[in-house]
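J.: Protein chains in written order, with numbering that gives the first Met the number 0: chain C, 0 to 227; chain E, 0 to 223.
It should be emphasised that the hints constitute simulated quantities derived from the structure, not laboratory data. Hints should not be assumed to be uniformly reliable.
To be verified - Far from chain E by the CB rule (all over 10 Å, computed), these chain C residues:
#	residue
1	LEU25
2	ALA26
3	ASP35
4	LEU44
5	LEU46
6	PHE68
7	LEU75
8	SER79
9	LEU125
10	VAL128
11	ALA138
12	PRO186
13	HIS187
14	TYR188
15	PRO198
16	LEU206
To be verified - Quick list of simulated restraints, FRET-style, between CB atoms:
#	chain 1	residue 1	chain 2	residue 2	range
17	C	PHE178	E	ARG23	49 to 55 Å
18	C	ALA220	E	VAL60	47 to 53 Å
19	E	ALA33	C	LEU25	28 to 34 Å
20	E	PRO87	C	GLU87	52 to 58 Å
21	C	PHE181	E	VAL78	45 to 51 Å
22	C	ALA19	E	VAL60	53 to 59 Å
23	E	GLY55	C	PHE178	32 to 38 Å
24	C	PHE181	E	VAL60	20 to 26 Å
25	C	PHE181	E	GLU123	28 to 34 Å
To be verified - Okay, derived cross-link-like pairs now, SDA-like style, lysine to any residue, Cα gap no bigger than 25 Å in a straight line:
#	chain 1	residue 1	chain 2	residue 2
26	E	LYS154	C	SER57
27	E	LYS157	C	HIS187
28	E	LYS45	C	PRO124
29	E	LYS81	E	ARG213
30	E	LYS63	E	ALA218
31	E	LYS81	E	LYS211
32	C	LYS82	E	ARG23
33	E	LYS177	C	GLU189
34	E	LYS201	C	THR118
35	C	LYS142	E	PHE30
36	E	LYS57	C	LEU115
37	C	LYS82	E	ALA133
38	E	LYS154	C	LEU164
39	C	LYS142	E	ALA218
40	E	LYS157	C	LYS82
Using N, Cα and C, we set each Cβ at its ideal position, and we do this for glycine too.
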Amino acid sequence: MTAIPVETLEQAPEPIVPGAPPPQPLAMDFWRGIADDNPVMIQMLGLCPTMAISNQVSNGLGMGAATLFVLVFSSLMISSLRKVIPNEVRLATYILVICTFVTIADLIMQAYSPLLSRTLGPFVPLIVVNCIILGRAEAFAGKVGPMRALADAFGQGFGFTLALLIMCTIREVIGSGTFLGFHLFGPHYEPQLFFIMPPGGFLSMGLMFLTMGWWGERKKAKLAGASK
Amino acid sequence: MTGHQHGGGAPATPTPDAGSSTARLLFTLAFFGALGGGILAYTYQKTLGPIRKFAGEKVEVAVKEVLGAPATLDTLYLVGDKLSKTLPQGADVLEATKVFIGYNGKGEQIGVAVEEFTPGFSSEVHLMVGFNPATTALTGFKVLSQTETPGLGDKIEKDPSFMTRFVGKLANPLKGTKSATTDASTVQTITGATISSKAVIKVINKAVGTWKPRLDAYAKESGK
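Okay, chain C solo, but in the shape it has when bound:
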């Protein structure tokens, strides 16, 4: 053998896992989750909890924090152990890891924030089946190093929280006339109860998606205009 095979030269020192996301700076991994690839507004994942608990801003904060906790720790663990997890049982392993951290989050909430834990009810244990977390594990954390997985988990977690807060703010302000429990409009405001009920959730979500879609189209049109 005289020449080094071409493939060896082209490939990075560490063989790239098929289907792995292209290399990007960490800041981009983080930012993607918040804007360009927001889990709720763009990927349309995690809509169930978004709809169910978004009638109060405090619920949104609690749910966002719990999801962020689970995302960060499960992504970190899955990414660190990705080389020892056999391909055939990766999904089962991911779910085991996710379940562990969800239960931890639930127990910690029950112990140190019992009131929030009571209002969120079953939706904290239900983070186990939140597609955002398994989705990130399968599409990202299982294929890249821990640093990128962490940046991505924080981005997706904050992105989810941001979407929740937008929904919660619309629904709590219009539906209860309060923000984080503080009365905004004085005693003469008649709260539009419709908004804290499920139909109000669908409407708020539709409005949010409409705004996001319009904004995305405008951005695209601007880019197209600039390149001409």
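Dock chain E against the given chain C, drawing on the hints supplied.
T.: Chain E alone, transformed into the frame defined by chain C:
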């Protein structure tokens, strides 16, 4: 050199070790199961204290609230279908059904507090109900747990003016109405939360209905 076959081979094959042995698959799952179990056992132990403490405090606060700050409290336990001052040997104090009797500074009985529940609009409504067993007059109630519709049904817990509507009313039995009332055994329900309000009334009637006979029997027995 022929050893480079898989280095530049078909990118479709995911990893060189595709097709791991069954033992390795089992080991991986068992390992993650055990690891998760271990972490959870530790977290459970660490959080059990605060969780139990909070549950205990919640009951104590609720009892004091529904009886209007009693000077002293007595606890009776339900043994079989009778009330007793003591639990039979080996019974778990935490698991036992209890009734709390509150006394004022002069040693007169203010009322009793019991825990009762019923299905509401979307959850079970658990209440601590305080009442005078002789007259069935209510001294108050406190929601221990509920997950009724936020903003509507949860007013049974979050709207303090709703609770005050019940104080002094007679549960013989208690009824609900949609308009304002001065009737001694009728209370006004919350607009938009009729079912949740009615659940509260139902719990109160259930509490008084099941506990008044027991308390009367106990009073008769201990009075002899």
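J.: Confirm or reject the statement that PRO198(C) sits farther than 10 Å, beta carbon to beta carbon, from all of chain E.
T.: The claim stands: PRO198(C) keeps its Cβ more than 10 Å from every Cβ of chain E (closest is about 12 Å).
J.: Determine whether the non-interface label on PHE68(C) survives the test: each CB of chain E must be over 10 Å from its CB.
T.: holds, 12 Å
J.: Taking 28 to 34 Å as the stated bounds, is the beta-carbon spacing between PHE181(C) and GLU123(E) within them?
T.: Because 30 Å falls inside the window, the suggested range holds.
J.: Measure nothing beyond the straight line between the CA atoms of LYS81(E) and LYS211(E); if it is 25 Å or shorter, mark the hint as holding.
T.: holds, 12 Å
J.: Are all C-beta atoms of chain E more than 10 Å from that of LEU75(C)?
T.: Answer for LEU75(C): holds, closest chain E Cβ roughly 14 Å.
J.: Next pair to validate is LYS82(C) with ARG23(E); report whether the Cα-Cα distance is within 25 Å.
T.: Judged against 25 Å, a Cα distance of about 13 Å means the pair holds.
J.: Assess, step by step, whether the Cα of LYS142(C) is no farther than 25 Å from the Cα of ALA218(E), and give holds or violated.
T.: Status violated; Cα separation ~71 Å.
J.: Between PHE181(C) and VAL60(E), is the Cβ distance one that fits in 20 to 26 Å?
T.: holds, 25 Å
J.: For a C-alpha distance cap of 25 Å, please report whether LYS154(E) and LEU164(C) respect it.
T.: Given that 25 Å is the threshold and the Cα spacing comes to 23 Å, the pair holds.
J.: Decide if the proposed pair is consistent with the structure: LYS57(E) and LEU115(C), CA atoms, cutoff 25 Å inclusive.
T.: Holds, at roughly 15 Å.
J.: Against chain E, does LEU46(C) hold up as non-interface, every C-beta pair farther apart than 10 Å?
T.: LEU46(C) is indeed farther than 10 Å from all Cβ atoms of chain E, at 18 Å.
J.: Check the following: the C-beta atoms of ALA33(E) and LEU25(C) are separated by a distance inside 28 to 34 Å.
T.: holds, 33 Å
Checked against the numbered hints given earlier, the structure breaks hints 18, 37, 39, 40 and satisfies all the rest.
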